[in-house]
Amino acid sequence: MKKFNISEFIWFFILLMFTLYIYFLLYTGKITLFIHPKLVKYSVFSFIVLGELTIVQLFKIFTVKTRITRKNGYALFLLALIFGVFFAPGGLTSDIGDKKGVILVSSEDVENIGRHSHSEEQVIEGNDIVFTEKNYIHYLEDLSANLDKHMGKKIKITGFVLKNDKLQKDEFILTRMLINCCAADSQVMGVTVKYDKAITLNKDEWVNVEGIVSSKGKQPIILVQKITKVNKPSNPYIYE
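Its first residue numbered 8, the sequence shown is counted upward by one per residue in the working numbering.
Calculated directly from the structure, the hints in this document are not laboratory data. The beta carbon of each residue, even a glycine, is placed where N, CA and C say it ideally should be.
Below, in silico cross-link-like pairs of lysine-lysine (DSBU-like), each with a Cα-Cα straight-line distance of 35 Å or less: (1) K37 <-> K141; (2) K201 <-> K37; (3) K201 <-> K163; (4) K239 <-> K156; (5) K170 <-> K225; (6) K201 <-> K161; (7) K141 <-> K45; (8) K223 <-> K210; (9) K37 <-> K210; (10) K223 <-> K173; (11) K160 <-> K204; (12) K239 <-> K160; (13) K48 <-> K141; (14) K160 <-> K141; (15) K170 <-> K236; (16) K225 <-> K163; (17) K236 <-> K176; (18) K170 <-> K239; (19) K210 <-> K45; (20) K176 <-> K223; (21) K223 <-> K160; (22) K156 <-> K141; (23) K204 <-> K233; (24) K156 <-> K170; (25) K45 <-> K239; (26) K204 <-> K141; (27) K239 <-> K48; (28) K163 <-> K176; (29) K67 <-> K48; (30) K204 <-> K156; (31) K48 <-> K163; (32) K236 <-> K163; (33) K239 <-> K163; (34) K225 <-> K239; (35) K233 <-> K201; (36) K176 <-> K201.
Pair by pair, the computed Cβ-Cβ distance ranges are: (37) V92 <-> G133: 43 to 49 Å; (38) D135 <-> A82: 53 to 59 Å; (39) F52 <-> K210: 35 to 41 Å; (40) K236 <-> Y81: 44 to 50 Å.
Given the sequences, and given the hints that come with them, work out the whole structure.
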């Protein structure tokens, strides 16, 4: 009679949980809270490999114990799984901006964001500037590089509120998270907003701002005409 091998079963359980967790992230689309969409294909490959390893490990459960049990090894894998399941980011908060700093759009900061090739859809045209997830970075670049051209134009933009000690009481920064590869390399980028009731807004609160483009030194600033509180999007990131 084959004996139940607890050591092999634990490894099977760990592999199974990791496989199911990656499947959950892929199925729900929450994988993009960790990595850039262009890297999702590699996660699919990882899911397939883990699935195969899990099946192989299943047949080792009823085998003679040959490996040396290392409880610390189990603990590391289980700890990583627990953190992934229970502490997965629903989108990073403005705290990352406090640590890494914020890229405020200006003619001097365009190079920090990284200049992109502009198509007709990526260059601001007309008198109304409407930001979307797809044009966000390009519009910020164009707004900062050609501020004089866009002065006085109406602007509509959505993001979350960030405040710091360098701002006036009637100012806040409307920000978004930019991801180039994964959540670990995220950057906070945004534009200063002038609003007489800024003190009533909470940090990390999501709002839609409608206003007029003005300037503060070399930086654009939005003079608020209307602010609407909105729900945090299911995926709060902007991808480069």
